[in-house]
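Using the supplied hints, reconstruct the complex from the two chains, each of which is provided in its own coordinate frame.
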Amino acid sequence: MPGLKEIRKRINSVKSTKQITKAMKMVAAAKFRKAQARITELKPYAEKMEMVLASLAGAVGSGHPLMEARPVKKVEIVTITGDRGLCGAFNTNVMKAATKLMKDLESQGYQVSVSSIGKKGFDLFKRRGIALRKHWSGLSGKINYAIAQEIAKNLSENFINGTYDELILVYNEFKSAVVQRVRTFQLLPMAPIKGEEKSQETVDFIYEPNQQAIFDTLVPKNIEIQVFRALLDSQAAEEGARMTAMENATKAANDMIARLTLKFNKARQESITKELMDIVGGVEALKH
Amino acid sequence: MENKIRLEVVTPHGVVLSEDVDEITATGSEGEFGVLAGHANLITTLKIGSMQVRSGSKTDYLFVNTGYAEVSPDKVIVLADSAEKVEDIDIERAMEAKKRAEERLRQQENIDFARANAALQRATTRISLVSKKV
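Taken in sequence, the protein lines are chains C and V.
Position 260 of the first sequence, counted from 1, bears residue number 260 in my numbering, the numbering being contiguous throughout.
Position 72 of the second sequence, counted from 1, bears residue number 360 in my numbering, the numbering being contiguous throughout.
Just chain V, same shape as in the assembly (with noise of 0.2 Å):
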């Protein structure tokens, strides 16, 4: 099928994926964007947030840690810090963190705003993804 587009999620501790699919929505630094076969050459910083990849009927979510996309005709390369599937998701963890993090958000002393703030961030963005998947 000439309409597929290469999809391939790096990160530091390996590769995530690796597949063929139909079309990728991921949330960019300026917004969401979708990709299909044929995107125009593209480089993008992304946010933390979602991604979905739609292959045939199947759509898959994937959890993303801030990173960059390239995106050419054929190919998506994503590298991010971290990124995993919803399915691997620790969602207890996930929990925990979020906790830590308002935590440390309310004690509004001696914290790494950005830090705290960044971690909250990707908490809730796990726990939506998964109930949004359940």
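Just chain C, with the same shape it has in the complex (with noise of 0.2 Å):
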């Protein structure tokens, strides 16, 4: 049985704990929100762009190297994880889905080669051994266009220049507060644009410089979306992640004062009636 000294200890040892995942909760939380409302500013531009590529699609069709099928010997595979743990199992979830992916495309007699965006995927790959091709890290909470667009340009240049013939992209997916669904996505070769179809009244667009020179612009412009909108919604889900995970934690941190209270309680309780019962002791064996 522990003394008093030691679970009043133990009791504000925990207490000082809560504190801390008390608070990173509201901070997750505040960083969530803001997460959020970034992913609803991107809405307007990533479907105006939409638009205006399908409208062009239609008249132009394919050719882009960036939507080149080839046959695919080569597969990349990118993850997004965030920088820091203290998130449940959001980066363990996208490692188990990458490495498990790595393994069906290498018994599939694919050559699979990686990269990572996020300190953790770094960090976890280099324990399992597995060179990066690449890997950015340091982007928690600074993520912008320029580096969506930074990180584009190297991953579609590598595909144009044949380093690999597929590029699938591993991150979670901003469900909800609660929800992150770990999302693989193939993001190189660009996959085909339906074409609109005119069905409303046909618009007749005249197109400067031409329409094949802004459709070429555009196809790159799309991936830099497409990393951009996962950038984000890799961070959303990692400041959900976090805030489930520390009010977890900050639950169990409850449960476990509750207890030790208890304990203390019970201890104090005894070393009272053990005192009582010595003096009672004395007392009888003063009387006779």
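For the record, the hints were derived by calculation from the structure and aren't laboratory data.
When the alpha-carbon atoms are kept at most 25 Å apart in a straight line, the in silico DMTMM-like pairs for lysine to aspartate or glutamate are as follows:
id, chain 1, residue 1, chain 2, residue 2
1, C, K48, C, E150
2, C, K9, C, E247
3, C, K43, V, D362
4, C, K142, V, D369
5, C, K48, C, D204
6, V, K363, V, E320
7, V, K335, V, E320
8, C, K43, V, D308
9, V, K387, C, E150
10, C, K153, C, E50
11, C, K43, V, E307
12, C, K134, V, D400
13, V, K420, V, E320
14, C, K263, C, E275
15, C, K48, V, E307
16, V, K363, C, D204
17, C, K43, V, E372
18, V, K420, V, D378
19, V, K335, C, E150
20, V, K335, V, E375
21, V, K363, C, E208
22, C, K153, V, D400
23, C, K74, C, E106
24, C, K22, C, D83
25, V, K363, C, E41
26, V, K335, C, E47
27, C, K48, V, E372
28, C, K142, V, D378
29, V, K363, C, E47
30, V, K363, C, E50
31, C, K48, C, D216
32, V, K420, V, E311
33, C, K142, C, E41
34, V, K346, V, D310
35, C, K142, V, D376
36, C, K34, V, E296
In structure tokens, the structure reads:
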């Protein structure tokens, strides 16, 4: 039976841990709201862009190097994780899905390379002895469109020069504050765009410089948006996961405090009883 | 007023502007162009440059990073990598960016020339926009 002093010490230490997890939960909640707002901000842009792209695709068709479907020999997996832990199974889920995908592809005879966005992915791959083609980290909370552009540029260039024939993104898709789902998504070659069916009144546009030129700049832009969206999704999902994890930790701390307090009271009672017995025993002895 | 035209400037970081205006002048890849209500349908790429928006006697200036403009008779949608109103331009940041870009261009080694050049252009456009306004 641990002494009273030890139990009191335990209680205090659990209490301060609880304070930390509670604060972290609140911080995560604030960050989560911000990340969620940014997803909403991107939406009109992405939708408009898709519309323009669709209206062009009907006229121009495919033929962009980023849409070229080559016989696939080499596949690249790009994982998006967070830079920090303490967010439940958020990072592990991505890693699990990525390693499984890697094994599957390798057993089918593909050559697989891996890149990682986020420090956790980098650490975990390193621990497993998997070499990374490229990695980006330190992006948490700093994600902006320029960063997405840079990443998209690297990924696109390596696709065009044949480093890989297919590129698959593995990341946490944001569903709601409490639900994240791992999504594997083929980023390259870009899926053919469905041309807009000219159901309504046919509008003839003037294109400057010309349709092909505009289409050719839109395709890489579309990749940028996909990357940006994945990054934002992953960030919102991460903060959501952290919120849940910290909430659970706070609850666990509360339970533990309740248990320890009970134990503390019992021990105190016991010691009082013992003392009383001693006194009573002493009095009895004096009587005789 | 039926002579107004709706202007929407949209970036990946949100909607910058959405209002009814009289006249828009933007920097297209083939040169500057003006749009009034009733303009023919047009899709064009935009260069780094300024955009002038007149609404009555009031004229606003915007900085627009590369993007697209989709013009229809009653609406103009500008899709830009980034865009900001003149009053939102951070002049000190632009000055610094200009210095950095110039420095990089001077070194001439190990640089992504196109990128440094674009950065320089963005910075100078921002600066000239602000000084024009003041």
